[in-house]
Amino acid sequence: MSGRIPEEVIDRVREHHDIVDVVGRTVQLKKSGRNFFGLCPFHSEKSPSFSVSPDKQIFHCFGCGLGGNIFRFIMESEQMTFVEALRHLAEEAGIEVPTPDRRDDSAEERHRLHLLKAMDLAGRLYHHLLTETEHGKEAREYLHDRGILSETITQFQIGFAPDSYHFLHPFMKRRGFSEEVLAEVGLVSERERRGKPSYFDRFRGRVMFPIHDSQGRVIAFGARILGEGRPKYLNSPETTLFQKSHFLYNLHRARKGIRSTEQAVLFEGYMDVIAAWQAGITSGVATLGTALTDSQARVIRRNTEEVIICYDADSAGESATDRGMDVLKQEGCIVKVARMPKGMDPDDYIQERGADAFRSEVIAQAVPFTAFKLESLKKDYDLRDADGRMSYLNQAVGVIADLPRAIEKDHYLRRLSEEFHVSLDALKQEQHVAASKKRRERLGDKGQGKWHNGYQESKHMVGRDRKVLAFEMAERRLLILMIHHADIAEQVREKVGADFNVEAHAAIAAYLYAYYAEGHLADPARFIHYVKDDYLVQEISSLIMSELQDQISDGEVADYIRHVRNYPLHRKIEQKKEQVKQAERSGNIAEAAQLGIELIQLREKVQRGSE
1 MSGRIPEEVI DRVREHHDIV DVVGRTVQLK KSGRNFFGLC PFHSEKSPSF
51 SVSPDKQIFH CFGCGLGGNI FRFIMESEQM TFVEALRHLA EEAGIEVPTP
101 DRRDDSAEER HRLHLLKAMD LAGRLYHHLL TETEHGKEAR EYLHDRGILS
151 ETITQFQIGF APDSYHFLHP FMKRRGFSEE VLAEVGLVSE RERRGKPSYF
201 DRFRGRVMFP IHDSQGRVIA FGARILGEGR PKYLNSPETT LFQKSHFLYN
251 LHRARKGIRS TEQAVLFEGY MDVIAAWQAG ITSGVATLGT ALTDSQARVI
301 RRNTEEVIIC YDADSAGESA TDRGMDVLKQ EGCIVKVARM PKGMDPDDYI
351 QERGADAFRS EVIAQAVPFT AFKLESLKKD YDLRDADGRM SYLNQAVGVI
401 ADLPRAIEKD HYLRRLSEEF HVSLDALKQE QHVAASKKRR ERLGDKGQGK
451 WHNGYQESKH MVGRDRKVLA FEMAERRLLI LMIHHADIAE QVREKVGADF
501 NVEAHAAIAA YLYAYYAEGH LADPARFIHY VKDDYLVQEI SSLIMSELQD
551 QISDGEVADY IRHVRNYPLH RKIEQKKEQV KQAERSGNIA EAAQLGIELI
601 QLREKVQRGS E
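Residue numbering for the sequence shown follows full-length UniProt numbering, beginning at 1 and increasing consecutively.
For the record, the hints were derived by calculation from the structure and aren't laboratory data.
Only true hints are included.
Calculated pairs, EDC-like style, for lysine to aspartate or glutamate (alpha carbon to alpha carbon, straight line, at most 20 Å):
no.: 1; residue 1: 117; residue 2: 238
no.: 2; residue 1: 378; residue 2: 326
no.: 3; residue 1: 232; residue 2: 141
no.: 4; residue 1: 30; residue 2: 305
no.: 5; residue 1: 46; residue 2: 326
no.: 6; residue 1: 378; residue 2: 430
no.: 7; residue 1: 137; residue 2: 163
no.: 8; residue 1: 46; residue 2: 402
no.: 9; residue 1: 329; residue 2: 305
no.: 10; residue 1: 329; residue 2: 45
no.: 11; residue 1: 428; residue 2: 418
no.: 12; residue 1: 137; residue 2: 228
no.: 13; residue 1: 232; residue 2: 163
no.: 14; residue 1: 256; residue 2: 91
no.: 15; residue 1: 46; residue 2: 408
no.: 16; residue 1: 532; residue 2: 109
What you are looking at is a predicted structure, and each value in this text was computed from that prediction instead of being measured.
Let the hints inform the model, and build the full structure from the sequences given.
Rendered as structure tokens:
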């Protein structure tokens, strides 16, 4: 995972940073007892279950189970590999990380780097063709006509793909990129020709907009056709590097603006983002040809709490706005909507009315989520008709019932009362009825989800939806102590070994035995880095976050060990008792007697505390 980077360098980077400071850049944390808590950036929640321990230098979410040390947090929040996260944190700390011999990298890491090099070269070629060659003349004129400045073209690395089936393909092959690699990253397409695969350029006659990952590396392209044709926009397909539901256009560039303004502006398309950037809105991002996904909303929420949606004013834009609002609200965002005049998109508005007007008349006038939703609902009803007004009010009260704060509910109910001359008390009563109905529906939808992971459930997996048994709790307590005390780990190794009854616990114990055997000291954050299994890392982070007693006696440790060792005997006793009953019911007295003797022997073993 770390290549050949020395462990002492990794430790220096980890020890230099305080995990509370690093996590606090993207999660609002509040101190509670010895730890800090906030809303989890990795799943939707309304009550904080995300905990960060300054003492142990780890994080753990008690909701989704994700946990780990500072490297794991950066990997998950910034979508980086371990080495990328290490270098990112090392650069902040001013610590030099030696470049490992690429021959020591895993085949997977080398292949990923090769794919990134292919995308980088293609991006530079497309940009050169647009800005420096006759091939890009028409595309340059198109962009300038749209108000895109030359310096913006350079800043966003905009390019052009010539209208040819075989321009990029041979160029990349001559530079050592195979057709299979080019197809894997979506630069070429494949078809059968005379029984053999034939390859041709995927992007032809299109303005090219590079899509970057969180580190600013090209991972895909959005391509707009020059002139008439379908599809108008063509994105890279899903690849090893690119999953469109996880990324946002321009996020790497907009992150600084988002954090300085404490808000993100969500647009529909690349040109809207670029035009807004030129207008001074440097916090703009866009989805990648699809409706806003939960994953994209979580990425936004990790960077800011407030989001302004600025979509087109057509019916498709309004539908997308409704969906986007709901997704963002589920992630705990404060959502506002910037209203566009009918028939205009942000790019059109800026070209026609200017940057100042866009900032002051559109972005600055964004309305709260609820106000926009209540206004949008009106178009579905004839408000001149009494039945239409009643139907609208019924729906509007339902929207207000979903609001989390009483002061918000009161504000919007008063607005409805004044606008429609309806009793405020009557509206409040209806709101209480709607809220009760929604609560019943939510409770009815909550099923008992099955807890699943990569470990076999046949070895008594500890589920999160049932009572924890005594032996399971004993195993957890032992593991917590083993993580913090090498001497207790050695005592458990001698008396229990691998015979933990929960498979995940047995795996964690095996890691601990190996960790201490290699001479490492007890250090929860370092141990969590030592473990390479993602599921076990989550389990370990949960264990580490458990409260540890200041004093632990030898008798308590011995008691935990006895629980663990005796559990298989207790199971055998229960099975044997059932066998005795079956033998007696069938009238087989001799067999029942023999089973009774075996049952007594098992009970004596439990009494002695050993087999």
